[in-house]
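*Asks:* Here's the letter readout for the chains.
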Amino acid sequence: MSGWFPILIIVSQAFMVGGQIFLKHAMNGTAGESETARWKQAVPFACGIGLLTLWFFLWLELLSQVELSYLYPFDALSPLFMAFGASLALKEKMTPRLWCGVLLIVGGLMIVGASQ
Amino acid sequence: MNPIQSPVSVKRGLPYWGVVCCALFVAASQVFLKMGVDDTQILHSGLSWLEIQGFVSRWILAGILCYIISFVFWLKVLKVLPLNIAFNLINIEHIFVPLASYLFLGEMISPMRAAGIAVVLLGILVIADSYCRAEERA
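Residue numbers (this note's numbering), protein chains in the order written: chain A, 1 to 116; chain B, 1001 to 1138.
Only true hints are included.
Straight-line distance between alpha carbons at most 25 Å, and here's what the computed DSS-like set of lysine-lysine pairs gives:
| id | chain 1 | residue 1 | chain 2 | residue 2 |
| --- | --- | --- | --- | --- |
| 1 | B | Lys-1079 | A | Lys-40 |
| 2 | A | Lys-93 | B | Lys-1079 |
| 3 | A | Lys-91 | A | Lys-40 |
| 4 | A | Lys-91 | B | Lys-1079 |
| 5 | B | Lys-1076 | A | Lys-93 |
| 6 | A | Lys-91 | B | Lys-1076 |
| 7 | B | Lys-1076 | A | Lys-40 |
Derived list of chain B stretches under chain A, where covered just means 3 residues or more per stretch with a C-beta under 8 Å from a C-beta of chain A:
| id | region |
| --- | --- |
| 8 | 1067-1080 |
| 9 | 1087-1093 |
| 10 | 1107-1116 |
| 11 | 1126-1135 |
Some, not all, of what chain B presents toward chain A, calculated at C-beta under 8 Å:
| id | residue |
| --- | --- |
| 12 | Leu-1083 |
| 13 | Asn-1084 |
| 14 | Val-1119 |
| 15 | Val-1120 |
| 16 | Leu-1122 |
| 17 | Gly-1123 |
In short, the hints are calculated from the structure, not lab data. Values in this document were obtained by computation on a predicted structure and should not be read as measured data. Backbone N, C-alpha and C fix where the C-beta goes; we use that ideal spot for every residue, glycine too.
Given the sequences, and given the hints that come with them, work out the whole structure.
*Replies:* Structure, rendered in structure tokens:
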């Protein structure tokens, strides 16, 4: 079972990134009067909430099985996963300056994790 | 690739206040949840289950309420900021949570942890600066 932990951690991060992408997609749409417009916003919103719920329970399960010091570095990588996810799925532009900021945040979170 | 989205002009101030409010409510919820969990451990032997639930649920409920409010702010921020900018700016909660733990829970911040928090803050400033530049160009 322990060999599956890295895969499950990556899956949980994918749920989190996917959930946020769906929420952003829902928030990008403007709520219109027509039923079609409302559905276009409601469906990605529900998908986002669903994926974030899956992430939450999978993360809780992992927390109960694995030490926090093992999990924390993976959690610290979430800004990196989000940068890749947002640039691929939402076509958001990542500039070198933004990558620099993301790497600083990841590095800082790693140091915080190591201090535990 | 699309250029970085610029926010709606009338909501120019919202992203930053929204991010700060969202992070503050996350920090408050973490402190309330921690206080709720700690009280469960302290009261466990002295009170009946119903008494514990009545007392503890106030902290836990306050924590959940703060989390819901932070989520509402998060949705408002997502409406005007690109996801990767919003998600990285919200890491400011990693500064507010240790600060709140120090102020309200009496937890100590080690020099190494303070250094990590400072690096996170630097990253947030770099991202905020880069977004401001993109906004000025737009």
